[in-house]
Amino acid sequence: MSDSRFPLPVLGDEKSSASVEPEVVSAPQSEATTVPDHGYHKSYWRSLEQKLNPEKYKSLNAREFPPNYFDVPKGVDRREFIGLLGASMALAGLTACSEKPVEPILAYTKNPEHMVVGDPLHYATAWSLRGVGTGLLVTAREGRPVKVEGNPEHPVNKGSTGAYDQALTISLYDPKRGQHVRRTASATKPGDIVTASWRTLREQLVTQGAEWAKDGGEGLRFLMEPSSSPSGGDLREKVLKRFPKAKFYAHAQLNHDNAIQGAELAFGTALHPSYALEDADVVVALDADLLEPLPENLGATRGWGERRSELSKLNRVYAIESRLSITGASADQRLRLKPSEIEGFARALLAELGGSVAGLNGLSAQPGRTLSDTEQKWVKAIARDLAGKPSRSLVAVGETQPPVVHAIAYAINSALGNVGTTLQLHPVLTHEKYSSVGTWYPELKEDVDAGKVKALVITAWNPVYASPFDLDVAGLIKKVPLSIYLGSHDDETAKVATWYLPAQHTLETWGDTRAVDGTASIIQPLIRPLFDGQSEHDLLSAFLDAPEQTAYDRLRAFWSGKVGLGFDAKWETWLSTGLIDGQTVPAQRPALNARGLSQALATAPAQGSGVELAFVPDYRVFDGRFANVTWLQEMPDPITKLTWDNAAMMSPGMAKKLGVDRESVIAISVNGQTLEAPVLPVPGYADDFIALPVGYGRELFPSGLPLGGVLGNPVNGGTGFNAYALQTSAALGFVSGAQVKAAGKTYDLALTQDHWTMEGREVSFSQTLAEFKKEPAVEESRGPLPTLLAPVVYEGYQWAMGVDTNRCTGCSACVVACVAENNIPVVGKHQIHRFNREMHWMRIDRYFAGDENEPEVINQPMMCQHCEAAPCEYVCPVNATTTSDEGLNEMVYNRCIGTRYCSNNCPYKVRRFNYLHWNGEKPALEQMAMNPDVTVRARGVMEKCTYCVQRIERTRIKARTEGRPIKEGEIVTACQQACPTHAISFGTLSDQNSETLAWHKDERRYDVLHELNTRPRTAYLMRVTNPNPELA
Amino acid sequence: MADPHAATAAMDPLEPVPLIIGQYTDATLTQSLFGHVWAKPTKGWLIMFALSLMGTGILGISVVITLGWGIGTWGNTIPMGWAWGIVNFVWWVGIGHAGTLISAILFLFQQKWRTAINRFAEAMTIFAVMCAGLFPALHTGRPWFDYFLFPYPSDTLLWPQFKSPLTWDVFAVSTYFTVSLLFWYLGLIPDFAALRDASTNKARRLVYGMLSLGWRGSGRHWNDYKSAYLLLAGLATPLVLSVHTIVSFDFAVSLLPGWHTTIFPPYFVAGAVFSGFAMVVTWLVPARQFCGLKHVITLRHLENMNKIIMLTGMLVAYGYMMEHFIAWYSGNVPEWDQFYDRATGNFRAIYWTMMFCNVVLPQVYWFKKARTSIPIMFVVSILVNVGMWSERFVIFVISLHHSFLPSMFKDYVPTLVDVGLLVGTIGMFSMLMLLFLKFFPAIAVSEVKELNHELAHAHVRPEANPRQSGA
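Protein sequences appear in the order of chains S and C. Just so it is clear: in the first sequence, position 364 is 364 by this note's numbering, and no numbers are missing. Every number in this note's numbering is 10000 more than the matching position in the second sequence, counting from 1.
Treat each hint with caution, since some may be false.
To be verified - Covered by chain C, according to a simulated footprint, are these stretches of chain S (three or more residues, beta-carbon under 8 Å):
| id | stretch |
| --- | --- |
| 1 | 749 to 756 |
| 2 | 868 to 876 |
| 3 | 888 to 898 |
| 4 | 907 to 918 |
| 5 | 937 to 951 |
Stated by the list, open to error - Computed list of lysine to aspartate or glutamate pairs in EDC-like fashion (alpha-carbon distance at most 16 Å, straight line):
| id | chain 1 | residue 1 | chain 2 | residue 2 |
| --- | --- | --- | --- | --- |
| 6 | S | K445 | S | D472 |
| 7 | C | K10410 | S | E759 |
| 8 | S | K657 | S | D687 |
| 9 | S | K433 | S | D257 |
| 10 | C | K10410 | S | D281 |
| 11 | C | K10163 | S | E873 |
| 12 | S | K389 | S | D281 |
| 13 | S | K452 | S | D215 |
| 14 | S | K958 | S | D119 |
None of these hints come from the bench; they were simulated from the model. Model, not experiment: these values are computed from the prediction. Built from N, CA and C at the ideal position, the CB exists for glycine as well.
Kindly produce the complete structure, drawing on both the sequences and the hints.
Below you can see the structure in the form of structure tokens.
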């Protein structure tokens, strides 16, 4: 048996081959000559053991069976068996704990160029609101646009954005967007709807186009969204060339018509104003919301911010307005007048200035009413102030004021030499000069009634809803045999049109747009159209007698035709910078047309009587087009802190007079219509005046969320009340003679801040410049306090923030930016109203001080203060929140069990708790808006501002790979990036040159609740106003 | 004391007032005290039990909802991170104070009158702490990770944060519960043995036999039992004070106006004893009636309890007074605002309920008539616990509702689930108490027998007690 043919492997208790000593390995060479025991010529060996240790191998093989072969296998004993039994039972139970969902992962077989999975890509693009463009820089993650920032290269917005821009991503992923093309089966039976395709429509348009062309397109009408797109203009020209008798109109319910008409009155030409507030020492805002973060205002807002930080540069802003706008809240002095009284005030101001300013003396302006003593005092003081600052002052007028008030302001500005410095006048860049409903409806109605109109193409946003009640836009559309509506949602207009085409979102489209100064940008898509959507240009091009082109080809063809040689290189640059060079239009300096203006002034101003009602844009839904944008609906209104609804806002005095309170429903009757709306008294409103924000009351869009309704608590958003139902085409801005009475009902309003005052506490500081110079209020609210503990020495980066409450307008763009960046869930009206469970990591606390009619407003952005001695940390029983060695107060979501003790002990109450599984029922489409750099928090976990730690870490990685320290200004938090006034700075205190350190050392610096000695890393700069002592 | 039974009753050597009315032998005591265990459940008991079972059902439903959907089903908000849940927790823990105080501290002070009520009070403690324990476990956002609160060796190398009063709470409450349970069970052993011996059928003999852990009543057994009982009493005594002290730290250690107060530990302990004694009275009054225990739980017992209620009530009132005084005296704006808001704000009704029930009401016990009137003490004892619940609501919810930043002054309204949990725990507590009264020796029979002997002995030879002659 010595040479067993079936040698068995060496068993376990023998020395294994792995433990062979190195010197033994060298042995084979010396033994190579020994005669093999099997007799073959070559020394084949079966195993290393045989080779290295033949003697032992032999002895092993001497046995037929390996050692222990006949032993009864030593299995588990009783104890072990029972142990295993128990363990396997327990483990079997564990498998039930988490069922992992099946997730197919599709890898890129070919990696797209520039794309590194996990790294964000930024694309420059743009979008336009009412034809005014904003440059954007959009972050895409693996092909999904997730975050919108302003394009820093853009000359107007310079990187800042408003709340609407910030919410673009969620409006892209809105599950209620129109998704399918459809048409009514026949024009006679509008209810009978069939799905259709864009292809069918296009074919139909091409066929019918030939027919229409025969009579020059006499029956073609286009009702367009205001647009400044150069390629769109070209398309229109081409369409008009083919159909010379076709007509283009534009419709926007909130529009610039009054300002443009005012320019026509004052200068004889249509001009569009924009403001350079950085150069304005004295600003008079007549019912003008200059700081509302609309595309046309972003530049002015930034300029205003620049004048509010250094006390030596402090400008002076007078706001004369009826409601409390964010401009009024930020103004140094405020006078409340009813909207109809503004004109008289403006006329009086003109007359007052006529005495001192050359160029105005020829104009005689009668106020048409007796000004009150206060008004007269104001007129005199403002006139003196304005006259003292020629070419460095500004009078601005709000969109809802009649053209003559605009004309008066233009005249004053022109005479003071402000035109070209603080007031920039640009040619009207939208293709249609005017867009208010009165400019197109009568003409179109006449044609429709005469049966002339064969086809009506509507790309304007929802004219059926967003139009005054006295004009039957829906009836008009129904009378047209072929009406095609291109819109974002299957809305009121879509319901009456014969064809509905879902519109592409701006992030899905190729196009171009121009900012107010003419700066043109390419709109490039970030994502392939999610649904069956088309763009306005696609629709217009179907009317051309030309082969179909892709939007991309069309756009390139247009611009290459304009540029000619070297287009390709330029195109690349345009795409990467987001700007098309050489498109800016120089600001105009027209001469004042005194005669025209005198004529306009000769007509006595209309007098308001009784209760006046103003239709104002809403800070959240604008004219209603953002009604289904949850981030905006949940953004608290900057002034009222109202979410999800609109309300009839009035002065507290008026509410008292009516015997109503917050949430009481009143019936407002005007123009023969009655609307019931809840009351929301707001300080600083003119008496006998109600402001009703437009854009709500969409019955088709109960802008709610299907969030976990528990125990009969349906979580639905409010739908608000439709202010358009009271509006007539004659008075789009405001109307007088409204009858108001209590309706004896109540309606819940979800406010995120109930308290108006600071209750006499030193929470936020405000002083006038003179007071501040005498004795700053903040001196005791900063600096180290005595403590028994040894100070912690921080080394390396020390992240810190500065918040300038003097720059902050409260516009809340930062709040939406934070929502977008940090995957903050939307909780809905019920949760806010009933439980105050809004999840915003940053809120803007708004305090009123002083008289309720002449309130001083302080905005205090409030987010985690990142205290060095954080009260939240020591109370957490599981160490789920700790301070990093760079001073960040960090939340460890995995560790958090949700005792909420940290929130209780947080004096700033900035922590937010996932009371329910907010993210659990998010539609797949909305999930695409999630930022993959930020954990999506589960139910039961505390969360709060992180100072955008994901941005810090991403920058750190970049700096580390480049072998350098992080540079000043390299990390920009989401709120900071969005802020149009640069009221937030972020950086490290370890860098002596950092802006944040400078803010921390500023004379206006204070810590909120300094007496608690939490040593916050967020420093605040107090508000210092610059009122006119004459008016004090 | 001109008690007509004085001559025949077993007398306390210090207080010549009967602690056991009538004369009994061991056998007749066993008979009378265990009688209700053998008797068929009465109709009244069955109705009560059904009601409490319903309450427990409500608890079950509320717990399932809480676990299934999350804390969002409660009325908690930001800033009210803690609300009803924690109010209920502290209320129940407070109620759980009387038992151990009676058993341990009064035992160490050799208060004879405790013997008839200690078992009962201890059971109440156990059940109350069980109810209390539910709340911290449920009120976390992710209760399935509650084990993070315990220091266990984990691969994350993470420990609980020992700086946090919540971590102290975990130890304080779990220690208190364990010791109370052991103490209670230890006391029960001889009585279980007595029940076993008196059992009329095999099943009962088996169950009580197992529960009595082989007790034979030998001298050795009694010796070990006595020393163990004394040791546990010594161990439990500091716990009576520590538990509520540590619970009060949850608030005192924070910096919230209305919470950040050094007076909290003694004031909480006094409040806890106050509510605990009230709860004992609430249950003793019907129990002695319906379980036929009037001869061992006499008016004298109840009067003593009421005296303690009055004393602790005044301690609590002193606490209120100092809180308000310091809030004013410190000149701290948020602190004073807080106290002003309590008395005048949205929740003022609850504040004034607290003031009435805890400060005004116990003053009736200055009158002996009130102290010994069954209806009065029954009503007062219930109202005291209403007052103590209100006190916790005032301290926890109102402080959170009105803290530092006026922008975060928010209101609070509970949900049905909140109410369900309170009603449900009351149901579960009642259910356990009813089961205990029915199936367990509700009176420490062996101790009563011992007392009976002692008293008889003392009565026979009064000169044995030197103090007796001076009395």
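Consistency of the hints with the structure:
1. 749 to 756: holds (count 3)
2. 868 to 876: holds (count 4)
3. 888 to 898: holds (count 4)
4. 907 to 918: holds (count 10)
5. 937 to 951: Since 5 is at least three, the answer is holds.
6. K445/S / D472/S: Measuring from Cα to Cα gives roughly 9 Å; hence the hint holds.
7. K10410/C / E759/S: 14 Å, holds
8. K657/S / D687/S: Holds, at about 10 Å.
9. K433/S / D257/S: 8 Å, holds
10. K10410/C / D281/S: Distance ~41 Å between K10410/C and D281/S Cα, so the pair is violated.
11. K10163/C / E873/S: 9 Å, holds
12. K389/S / D281/S: It holds: about 7 Å lies between the C-alpha atoms, which stays within 16 Å.
13. K452/S / D215/S: Judged against 16 Å, a Cα distance of about 12 Å means the pair holds.
14. K958/S / D119/S: Satisfied, since the Cα-Cα distance of roughly 11 Å is no more than 16 Å.
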